[in-house]
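Based on the provided sequences and hints, a complete structural model is requested.
Plus 17 on top of the position in the sequence shown (first one is 1) and you've got the numbering used here.
The set of hints was computed from the structure by calculation and includes no laboratory data. Please note: incorrect hints may appear among the correct ones.
Unchecked claim - Derived DSBU-like pairs (lysine-lysine); straight-line CA-CA distance at most 30 Å: (1) K159 with K169; (2) K169 with K187; (3) K189 with K177; (4) K165 with K189; (5) K159 with K71; (6) K177 with K165; (7) K187 with K177; (8) K180 with K164; (9) K180 with K71; (10) K187 with K159; (11) K71 with K177.
Unchecked claim - FRET-style restraints, in silico, Cβ to Cβ: (12) Q40 with N103: 39 to 45 Å; (13) F23 with N103: 24 to 30 Å; (14) N50 with S89: 22 to 28 Å.
Being a predicted model, the structure only gives us computed values, none of them experimental. Glycine is no exception: its CB is placed at the ideal position from the N, C-alpha and C atoms.
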Amino acid sequence: GEAGPFTKTFLEKARGIDDARVQSYLRLIDGLNGEIREASRTIREKAGDNEDAKLLMTIPGISFYSALLIVSEIAEIGRFGEDSSNLVGYSGLAPSTRSSGGKTYHGPIMKSGSAYLRWIMGQCTRVHMRTEPEGTVATFYKRIARKKGDQKAIVAASAKLLKIVFWVLKEKRAYHS
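Quick look at the structure:
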């Protein structure tokens, strides 16, 4: 088959090209790949030292990179009080609401707060649902997706997974204090 750019097969073929510029680019790619590997190793070690990140990595769908990003965006879980909805509100994954005639209407998400946290939770939620297709989050997603489509369902499912993140971090704090 045809080799896509920067795959092993592509790079093997490129190494056979007798052109100084091509060879110079390949050396650059090799150098950058080395630096990426080194940075990844450092990040892995740092994640291993971070209790909160280690804890979040026990949740299916959350890798160590994701865990570190989530932890850095949340900072101190205690600042969100006793209710997971404060964290969901901070992430901007909560729907906006308006009331009229005694009825409450849910609108689009707030998009305030941390764009990184919203993004990473969406990524983690998709992986989580592939890992746990019969789990609470996936079941919840399917129910909403049928009525409101993928985008709204992924947001709602991400908010649900973020609540799990909240309680996992909160329990650790309760246990240690």
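- [ ] Just tell me: holds or violated, for the beta carbon distance of N50 and S89 against 22 to 28 Å?
- [x] At roughly 25 Å between Cβ atoms, S89 and N50 fall inside 22 to 28 Å, so the hint holds.
TODO: With 39 to 45 Å as the target window, see if Q40 and N103 comply at their CB atoms.
DONE: violated, 56 Å
Task: Given pair status - K189, K165, alpha carbons within 30 Å - done: The hint is violated at about 35 Å.
Open item on the list: For a C-alpha distance cap of 30 Å, please report whether K189 and K177 respect it.
Closed with: Measuring from Cα to Cα gives roughly 19 Å; hence the hint holds.
Task: Restraint check for K71 with K177, where alpha carbons must lie at most 30 Å apart - done: Distance of about 20 Å is within 30 Å: holds.
Open item on the list: Does the beta carbon distance between F23 and N103 stay inside 24 to 30 Å, or does it fall outside?
Closed with: violated, 43 Å
Open item on the list: For a C-alpha distance cap of 30 Å, please report whether K180 and K164 respect it.
Closed with: The given pair, whose Cα atoms are some 22 Å apart, holds under the 30 Å limit.
Open item on the list: Hinted pair, alpha-carbon criterion (30 Å max): K187, K177. Please report holds or violated.
Closed with: holds, 15 Å
Task: Given hint K187 paired with K169 - CA-CA distance at most 30 Å - done: The hint holds at about 27 Å.
Open item on the list: What's the verdict on K159 and K71, does the C-alpha distance respect the 30 Å limit or exceed it?
Closed with: Holds - the C-alpha atoms of K71 and K159 are around 29 Å apart, at most 30 Å.
Task: Proposed proximity, K165 with K177 (alpha carbon, max 30 Å) - done: holds, 16 Å
Task: Given hint K169 paired with K159 - CA-CA distance at most 30 Å - done: Roughly 11 Å separates the two Cα atoms, so the pair holds.
In terms of the numbered hints stated before, the structure departs from hints 4, 12 and 13, listed from lowest to highest.
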